[in-house]
Amino acid sequence: MSFELPYSIEVFFSVAESYNADWFPAAIIGWLAMVMAVALSQRAPRITGLILGGVWVWIGLVHQIQTMADFNFMARVYGWAWIAQGVGFAVLGGVLSRLSFQVSKAAVVCVLGGLIVYPLSVLAYGYSWSAVPLAGTMPNPTVLVTAGLLLAMRGPKVWLAALCVVPLAWGIVAGISAYLLGFPLDYTVPIAMVAAALLRAWR
Amino acid sequence: MKYNQSHFSRRRFLAATAAVGLTPWLGYNAGAASSPLLRTIPSTGETIPAIGMGTWITFNVGKKEALRYDRLEVLKTFFALGGGMVDSSPMYGTAQDVMGWCLDRIEPQQRVGLMSATKIWSPAGGSGAQQVGDAERLWRLPRIDVMQIHNLVDWQDHLAMLLDMKAAGRVRYIGITTSHGSRHQQIEQIMASQPIDFVQFTYNMADRSPEQRLLPLAADRGIAVIVNRPFRRGGLIDATDGKPLPGWAADIGVTTWAQALLKFIISHPAVTCAIPATSQVAHMKENMATMTGPLPDATLRSRMADDFAAP
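Protein chains in written order, with the numbering used here: chain X, 448 to 650; chain B, 24 to 334.
Simulated from the structure, these hints should not be mistaken for lab results. Honestly, I wouldn't trust all of these hints.
[To be verified] Sample of chain X residues at the chain B side, in silico, Cβ under 7 Å:
hint, residue
1, S455
2, V458
3, S461
4, V462
5, A468
6, F471
7, D517
8, F518
Cβ atoms here follow ideal geometry from the backbone N, Cα and C, with glycine treated the same way.
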């Protein structure tokens, strides 16, 4: 039995372009929100938790369930996982205030990778700026930034481990998709998440 | 039951190809003026062209009109070159909706050979009957010709419902499907015991296990066979990269390994229709040309498979 995705890379970026246009200026707001989440992580970790939660819920609801589910029957399942993860970030970080952040070099690499390097790399592949997936509204760059924030995160160990589960699972999905769609850039997602999970466990 | 059969004559084929300026492309085939290869559906005697069309991935393009118009050209080419069976599924995302959109833009007289085939797939939601209605709405057709049960999911329930629908004239044919070589034992049991018109599974030069039991059983039971994944999603064509075509290729009128792969499938006497999927007009032309020219006999088929497997 082999895995296959029901759409091509051409269709993926076509959908990304429509999604960015349909929800304009959500992509810009989402990206700025992610910048703010990172910038405030040490001074106002509750805000970071709420922003991260909101972004994950948005992607689960709007990108996965409302957009991608038309193309991929698995997107509905993914969507609920993203929503659950978002609720986890919002409750633990925003409501219960159980999370704090401590910057490390590895965390910075992941964050900059998701915010800046990933979208620029998509442009370098030759795709239009209007189709570029941005952190805050699209899954893969968001998981890259999240990997950085998870690396920087401090809090109860069990909860931190639990918060790694869905991003790690998404890393596997992204890695398989990268292979099936022939889009090597997305291998960065599983690499970042596995590295983040291992570094967390090592600590 | 009386069916409105869609026989595809040689005259119609040549008229259609001439109308779209494709006759020169056909080369030696047109010179020979041979009809596309037709195969009989055992349960009714109706004939359909041996090359059909799948929609997995290729027609799941959403609402973007540029992509839809590209697929429209592929579908127009398919019909112009004598195509008939088009297969889809609710599992294929927006493919059924895109297919309906395309069919809406092709004059009915230019798609008279259409044999619509889709599936019931429980995970898509709704009852089997609702999915039949959804398919009719999405395809913009009053009736789906071939309704199949996708991957055997809940097949007992769906088969009972489809038998009722067939008796009532709501669908013309019913069938079951699998792919990737899975569930062959279960498929065999259903073929042996249930009154189905079609069975669909994977068969190609690299996946020849159906030759052992499924294909002989289909011939024995009078079940039409639809073959999916003839190229393993292009993997088999990639495997022939740089490999020269053996001398037998000219004898059966094929000019590429892709054509040889298709001809191998449709030359099996129990195969009714192969359904390669493509989003390229050039590839559609290449596929459809396989329906003309001589067919390999059993000895040559065996040699073809050996040559394909050789390093």
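Hints, one by one, checked against the model:
1. S455: Holds, because the Cβ-Cβ distance from S455 of chain X to chain B comes to roughly 6 Å (cut-off 7 Å).
2. V458: holds (5 Å)
3. S461: Hint holds; S461 of chain X Cβ to chain B Cβ min 5 Å, cut 7 Å.
4. V462: holds (6 Å)
5. A468: At about 11 Å, which exceeds the 7 Å cut-off, the nearest Cβ of chain B leaves the hint on A468 of chain X violated.
6. F471: violated (16 Å)
7. D517: holds (6 Å)
8. F518: Since chain B brings a Cβ to about 4 Å from F518 of chain X, closer than 7 Å, the hint holds.
Violated hints, in rising order: 5 and 6; the structure is consistent with all others.
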